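> This is what each chain is made of:
2 protein chains.
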Amino acid sequence: MAKFVYFFGNGEADGRADMKNLLGGKGANLAEMTSIGLPVPPGFTITTEVCTEFYKNNSAYPAGLNDEVAANLKRVEQLMGRTFGDAVNPLLVSVRSGARASMPGMMDTVLNLGLNDTTVQGIIAQSGDERFAYDAYRRFVQMYSDVVMGMDKEALEHLLEQKKEEKGVHLDTDLTAADWKDLVAKFKARIREVLGQEFPEDPQEQLWGAIGAVFGSWMNQRAITYRKLNNIPADWGTAVNVQSMVFGNMGDDCATGVAFTRDPSTGDNYFYGEYLVNAQGEDVVAGIRTPQPINLHQKKEGDLPAMEEVLPECYQQLAGIRQILEKHYKDMQDIEFTIEKGKLYMLQTRNGKRTACAAIKIAVDMVKEGLIDEKAAILRVQPSQLDQLLHPSLDPKAPKKIIAKGLPASPGAAAGTAVFTADEAELLARNGQKVILVRIETSPEDIHGMHAAQGILTARGGMTSHAAVVARGMGKCCVAGCGDLKVDYASQSFTARHGVVIKKGDLITLDGSTGEVIMGEVATVPPQLTGDFATLMEWVDKYRKLKVRTNADTPNDSKVAREFGAEGIGLCRTEHMFFEADRIMAVREMILAEDLEGREKALAKILPMQKGDFIGIFREMKGLPVTIRLLDPPLHEFLPTEDKDIEALTKTLNVTTQQLKHKVEFLHEFNPMLGHRGCRLGLTYPEIYDMQVQAIMEAACELVKNEGFSIVPEIMIPLIATVSELKELKANAVAVCEEVMASYGVKLEYLIGTMIELPRAALTADEIATEAEFFSFGTNDLTQTTFGLSRDDAGKFLPFYVETNLLPEDPFVTLDQNGVGKLVKMACELGRSTRPEIKLGICGEHGGDPASVIFCHKVGLDYVSCSPFRVPIARLAAAHAVLAGN
Amino acid sequence: MAKFVYFFGNGEADGRADMKNLLGGKGANLAEMTSIGLPVPPGFTITTEVCTEFYKNNSAYPAGLNDEVAANLKRVEQLMGRTFGDAVNPLLVSVRSGARASMPGMMDTVLNLGLNDTTVQGIIAQSGDERFAYDAYRRFVQMYSDVVMGMDKEALEHLLEQKKEEKGVHLDTDLTAADWKDLVAKFKARIREVLGQEFPEDPQEQLWGAIGAVFGSWMNQRAITYRKLNNIPADWGTAVNVQSMVFGNMGDDCATGVAFTRDPSTGDNYFYGEYLVNAQGEDVVAGIRTPQPINLHQKKEGDLPAMEEVLPECYQQLAGIRQILEKHYKDMQDIEFTIEKGKLYMLQTRNGKRTACAAIKIAVDMVKEGLIDEKAAILRVQPSQLDQLLHPSLDPKAPKKIIAKGLPASPGAAAGTAVFTADEAELLARNGQKVILVRIETSPEDIHGMHAAQGILTARGGMTSHAAVVARGMGKCCVAGCGDLKVDYASQSFTARHGVVIKKGDLITLDGSTGEVIMGEVATVPPQLTGDFATLMEWVDKYRKLKVRTNADTPNDSKVAREFGAEGIGLCRTEHMFFEADRIMAVREMILAEDLEGREKALAKILPMQKGDFIGIFREMKGLPVTIRLLDPPLHEFLPTEDKDIEALTKTLNVTTQQLKHKVEFLHEFNPMLGHRGCRLGLTYPEIYDMQVQAIMEAACELVKNEGFSIVPEIMIPLIATVSELKELKANAVAVCEEVMASYGVKLEYLIGTMIELPRAALTADEIATEAEFFSFGTNDLTQTTFGLSRDDAGKFLPFYVETNLLPEDPFVTLDQNGVGKLVKMACELGRSTRPEIKLGICGEHGGDPASVIFCHKVGLDYVSCSPFRVPIARLAAAHAVLAGN
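Top to bottom, those sequences are chains A and B.
Under the numbering used here, residues 1 to 886 are what the first sequence spells out, in order.
Under the numbering used here, residues 1 to 886 are what the second sequence spells out, in order.
Hints are computed from structural coordinates only; laboratory data are not their basis.
Because the structure is a prediction, the values reported are computed rather than measured.
Certain hints may be false.
Where chains are identical, the list cannot tell them apart; a pair therefore holds if satisfied intra-copy or between any two copies.
As the list claims (entries may be wrong) - Straight-line distance between alpha carbons at most 25 Å, and here's what the computed BS3-like set of lysine-lysine pairs gives:
id : residue 1 : residue 2
1  : 644       : 661
2  : 434       : 405
3  : 353       : 397
4  : 661       : 796
5  : 661       : 605
6  : 747       : 622
7  : 663       : 796
8  : 644       : 503
9  : 661       : 486
10 : 167       : 186
11 : 727       : 796
12 : 181       : 164
13 : 730       : 228
14 : 20        : 353
15 : 56        : 727
16 : 622       : 705
17 : 747       : 705
18 : 228       : 727
19 : 663       : 486
20 : 601       : 796
Working from the sequences, and respecting the hints, build out all of it.
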């Protein structure tokens, strides 16, 4: 190992910004700022490799570290003209941890290190301010004893409170130099008493104690847990930064502050920050005093004077540094600074966190400013961030009375009157009322109500519950699994926190991005898809290779998706159409028919309605490809299960309750997910698929003939496990297609393909591709079967799995590349080996997840398909896949 | 194409026995018999390639066929000294189809071809028997018009009946030459009337008509269906055999018969057959006259004279041929012969079908006789045949009153009194009564009753229903899905065919090999595992490479399996132990406990019982390896679902019905197969697995310490999807193991491994093998997840799939090699790539299926494990795998 310690100071630095792995983020940027001539208090960084060695060698420092630290400390002393531990002109330092990634849970900072009963005198002499010196001293004792020695903070705080009581004062600022001096002594005595050891007087002992504490905190429980949850390897280690102290609290020519080089909320190109006169950094954070704006641009009516007014020279210098930093880093920076007696020091710079909106504006502006190019701009916006933008959001200025909190299951915001049944939701919505559908859990029978509602609130179910999944698909706001709620269907009401009762008809508001349930109506603001957003998306479309389609079942969904940039429909589920109120009765009649004739009679009623749906969808998609999946769910999903619904059905269908119950019982399945569904229905009841294919082709032929459309329908057969299934069903479908085309005198192209959603289909994709003209990976079901994991039931253990890192993430959210992804890759290769021109896409929910989209790009799919509201996310992720060299 | 027609006759033949693909089975063996000097009437075979060409060329014969047929017919004429179509000395021929495999549904035979009003005179002259000649003529017209011309048989039969009525006689034999002659005319007139065409007089036209009919029948619907069901490719084609006629019905020095070179029922080395004097082959089959034994050995009190007595010279010649054929074919032969005026002719020979018992005896005897070697003997017995032998069977001599028929779900036979609940079964069995458990369907709660019963009868469910699977596992007789039954629990009775009512306590008998339900008790005979069986199995064990273990959950199962030759336990399911009456309450207490403490308290009650089980099993297995699977099913399977059971439980556990119902509801799963089970339980409730591991290790340590045993327990963790799961559970298990061993002061080897039963586990087997010391393929669940097919629900469509050949066979019976097998193979390779010494086995039901065992051998597993009663089948199949060069 070469070098343990990296120096920075006076325009020279051993490190650089790109050495984050070795120096940590903080250390690397301190070195960089020093190199480019910014005023950084000198100091040095002990590398992350030392940390790694430290743990490898049973908590021993590598040989030579001592000497290097001593040598570098000497350089700092020389630059500062002060000496560490000197009685007359002592050097004080800060010791801070700094890993590659910022990591909560680790030891953060010890300030004013080097103070003792001797050196404090030197500080008094230097500063001419005894109160300041003893205040600094007591702060050091408090901080050091807490983070290095493991002293209980409260014990010392208690002594401070006692002192204030004694003196009859309320604020720390009311205590005098003598009070602080007395407290330092009392603190040390109490430390001795509690820990049985002396507070170290020797500055060298203090320094090595603090260094050891930083390394030690790398392995504390909170840090370990954080790393486990965030997949950070333990051998990354942390660096230690030792830096000479500067003080923002030595008088009114002193200050401390934090700033962003642009507004992190809006992205506006203005310098944005806060500062406090005569204060230390922790005072800004602690919130005891209200920070002041740094400039006039920000200053609002009633604000205290801005730094621009109070310390104009320092402000101008800082504004210049802002320009230098942006030009240098080519990104918006988040900085910390301190002014000591009129002199500005930079303590930190890093890329600033920002809202989605700001991210886009900054990226687009920086291209215009010539700072970065389009590609860099695209990579500056995280696809997942867009989610915030694509849904209406609560007006941040409006007051909110939060009455419960659940899972933020589907983002966006919605307000409406609470209703407790899907029928009620539909009824009120039809009369123009905005409603929130409240259910214990939702089921497929609630679909029409979910469609009608502005938002969905459930008491049970996780992020992947029926309510959550369907709501996300619809782009509807949803708060799920809200354990605070006690829903009582009988009284059509629910009880929330603090006994608040919401009855049917009461107004509530949901925030699907936070999981909050709010009493009354809170104003919302709609998503903004023009301006910078549109500009960025134009660039995105220029670079991406993957097409992005949408999962849409209705003309309205299709329209929304088109607006979001969808290039076709990758999954049109026909069963949602079956649930519509006007046709569910015909569907039930079909299911309950005793023979083919009865089924065909019922199907004849559904045919014109399905055809109408397809005409609507084809029209909206204006010739873009549309993949229609034939009926998938098991038939029992369409039957009522509650006694009163069964009763109602018997009347309409003229059968006995007994007969109906028998049928329901007969159709019952132990594992419906693995049951009589998908192509298994198509094979046992060919008339159902025949009707659907007929509806698709009649719709297409009619548009082609009468409206001059160009349409290439893609007919998708679900749940194929063997090529024999597809062969038979394809033959049936082709026969129907040819017949319909002949009757219309129209000839059009159409494709017949399959979902790849069972492991067996993926494993035998070479065989299946002999028949299939396209594959669409149904990764929801493929994940369920590959893991042997029911999405409906996983709520009892999947959260535990993700929490304890048994799974790095929920495999229903982000595609499991090692397992499910291996099948997808295999299927792509096998499929192409048989049919090189086969069209490959994905229509599971993963199609809208950025990491999964990047995977899809890598394995060479032609398109991804996702819910309308995630289309822009997928487009951006697809561009990232190309530009990040994935 | 070289040669269309293969001649045989007079000791010379163009074909050989090994040319079955070209000449069909019948043609190849006629050629072979001719070559080895047996008296075969001369003839020729038109090859299967002609058939294939015929269909390729739009039903046209290949050029040159005509000439070849003519040339070969000439050779036959020369040998026979007769001429086809000649008025004075006509040659008559038979025309028969003959494919590679015997195929029902195809045209079979036309006899006496060549007869017309002219040639019949020649036959009269040759035979000196006008009645014989016209009888032959009318038979020909009947057969030919039926199979070649498509005439309705009944129409001619009707004329025959009329004639007999006219003449006032009952038997055909009572009709005279004149009657037959008249009938020939009437037949032809009726044919003309119905079909509008003449019966062909020209023998050449007759011949080509018959040849065309044979080829045509290859593509008739019945043949196509049969081929589809049996996976016979259409392009195999059929051959046509044209052979000169010989007559067994020309007088009392004529006869016809069929024989087996050894007894096909017992395998005894005696010539076994039947014959009829003065008869044609069809008379033996038709059963109008009772056939007579061929020799004195067979002849029983009251039998007619044997052929040995009546035609002693012919018999001696035939007995000689028997020896020649066995020496030549080295297998038991099934032969047909005809004696025409004291001269013996051989018409067919083929390997004879035989019972399992006979197959074994013949194979072992032939080794002793030096005819074949051990390897050949092993290959002579089909593994699946053994099933017949391994269960008690009904005494074939006993009379039976069959009252219903269901699926032969688990072979064997059993008699007992009917009971309708599992508790009742257990109660009566404990009192020494033999019972048959009758249920609509069984569930895991019935396990104790199934254990207690002699046999199980269910009204619903297929070959893979719970009842069928569990019964096969237990080696218990089971008739499942018996739709004839109406079970009424209320009155504790069922109604069977013809309204027969069986009440609780009535005696019934089940035949699990036929699916028959019989009133009263029928005597049974136990399986015979000694003698020839034992000899054969000794040879089997010498050649096989795969080890064979058993799936056994109790000491008793283990004992049975040992007797059947099991070399260890591949799957010991611990949950069956949980269902035992004495512990289910503690299990329920554990499930219902609100906290860890409550669960641990309940588990402490179960621990000594589980330990006792393991001690029993380890003792039975005498140091052989035992793989114990930790708890697998979801917890709700252990809870009662019916109101009265819930009620009873509340009393025992002192909880309210409400609480209990809530818990049951909370534990409910939509897809339990994919739910909270297997290692997911072990991770969320580590105390359960800890208890089980403790019980296993304490049992092992105790035996090792006190009884000087050698035991290497194999602890198997089910339902692993990711290596992270296994890593955590293995660490837990190792900790418990070490602790137990320390407390006993015993050090023993143990292995920790996993089931591979989820596609993801197979796909990531390289990762999983970093932790797993063995893999056991759970191909039941792997088939369910790979196909996305619930075994419990597949009954509604899987039979349809198998019937229509969408699947070549039930994938739960025979491993799906293309899909599931691909995963197994992949997992073996990946697992070995990480851990070359990893132990690989299979414990799904496929472990007892011969085709699947052969697959397991091919992919290089170390062992298969199956239910005790299938152990010998697996052993034999494993030897086949080696010897058949698989």
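> Compare the structure with each hint and give your call.
Now the hints, each set against the structure:
Both within a single protomer and between protomers do residue 644 and residue 661 lie at most 25 Å apart by alpha-carbon distance, with minima of 12 Å and 22 Å respectively. Taking identical chains as interchangeable, the C-alpha atoms of residue 434 and residue 405 lie at most 25 Å apart only when both belong to the same chain, with a minimum of 21 Å there against 61 Å between chains. For the homomeric pair residue 353 and residue 397, the shortest alpha-carbon distance inside one copy (21 Å) is at most 25 Å, but the shortest distance between copies (90 Å) is not. Taking the closest pair of Cα atoms, residue 661 and residue 796 come within 25 Å of each other only across two copies (18 Å); inside a single copy the shortest separation is 31 Å, beyond that limit.
With identical chains, the CA atoms of residue 661 and residue 605 are at most 25 Å apart within one copy only, with a shortest distance of 24 Å there and 42 Å across copies. For a Cα distance limit of 25 Å, the shortest separation of residue 747 from residue 622 inside one copy, 18 Å, qualifies, whereas the shortest one across copies, 75 Å, does not. Within a single copy, residue 663 and residue 796 get their C-alpha atoms only as close as 31 Å, which misses the 25 Å cut-off; across copies the closest is 13 Å, which meets it. Taking the shortest Cα distances, residue 644 and residue 503 sit within 25 Å of each other inside one copy (23 Å), while across copies they are farther apart (37 Å).
Proximity of residue 661 and residue 486 under a CA criterion of 25 Å is satisfied inter-copy only: 18 Å between copies versus 31 Å inside one chain copy. Taking the shortest alpha-carbon separations for residue 167 and residue 186, only the intra-copy value of 15 Å comes in at or below 25 Å, while the best inter-copy value is 139 Å. Taking the shortest alpha-carbon separations for residue 727 and residue 796, only the inter-copy value of 21 Å comes in at or below 25 Å, while the best intra-copy value is 40 Å. For a Cα distance limit of 25 Å, the shortest separation of residue 181 from residue 164 inside one copy, 14 Å, qualifies, whereas the shortest one across copies, 139 Å, does not.
For the homomeric pair residue 730 and residue 228, the shortest alpha-carbon distance between copies (19 Å) is at most 25 Å, but the shortest distance inside one copy (49 Å) is not. Taking identical chains as interchangeable, the C-alpha atoms of residue 20 and residue 353 lie at most 25 Å apart only when both belong to the same chain, with a minimum of 18 Å there against 80 Å between chains. Taking the closest pair of Cα atoms, residue 56 and residue 727 come within 25 Å of each other only across two copies (23 Å); inside a single copy the shortest separation is 61 Å, beyond that limit. In the homo-oligomer, the alpha carbons of residue 622 and residue 705 lie at most 25 Å apart inside one protomer (14 Å), although the nearest pairing across protomers, at 80 Å, exceeds that limit.
With identical chains, the CA atoms of residue 747 and residue 705 are at most 25 Å apart within one copy only, with a shortest distance of 10 Å there and 83 Å across copies. Taking the shortest alpha-carbon separations for residue 228 and residue 727, only the inter-copy value of 15 Å comes in at or below 25 Å, while the best intra-copy value is 48 Å. Taking the shortest alpha-carbon separations for residue 663 and residue 486, only the inter-copy value of 17 Å comes in at or below 25 Å, while the best intra-copy value is 34 Å. Taking identical chains as interchangeable, the C-alpha atoms of residue 601 and residue 796 lie at most 25 Å apart only when they sit on different chains, with a minimum of 23 Å there against 43 Å within one chain.
Checked against the numbered hints above, the structure violates none of them.
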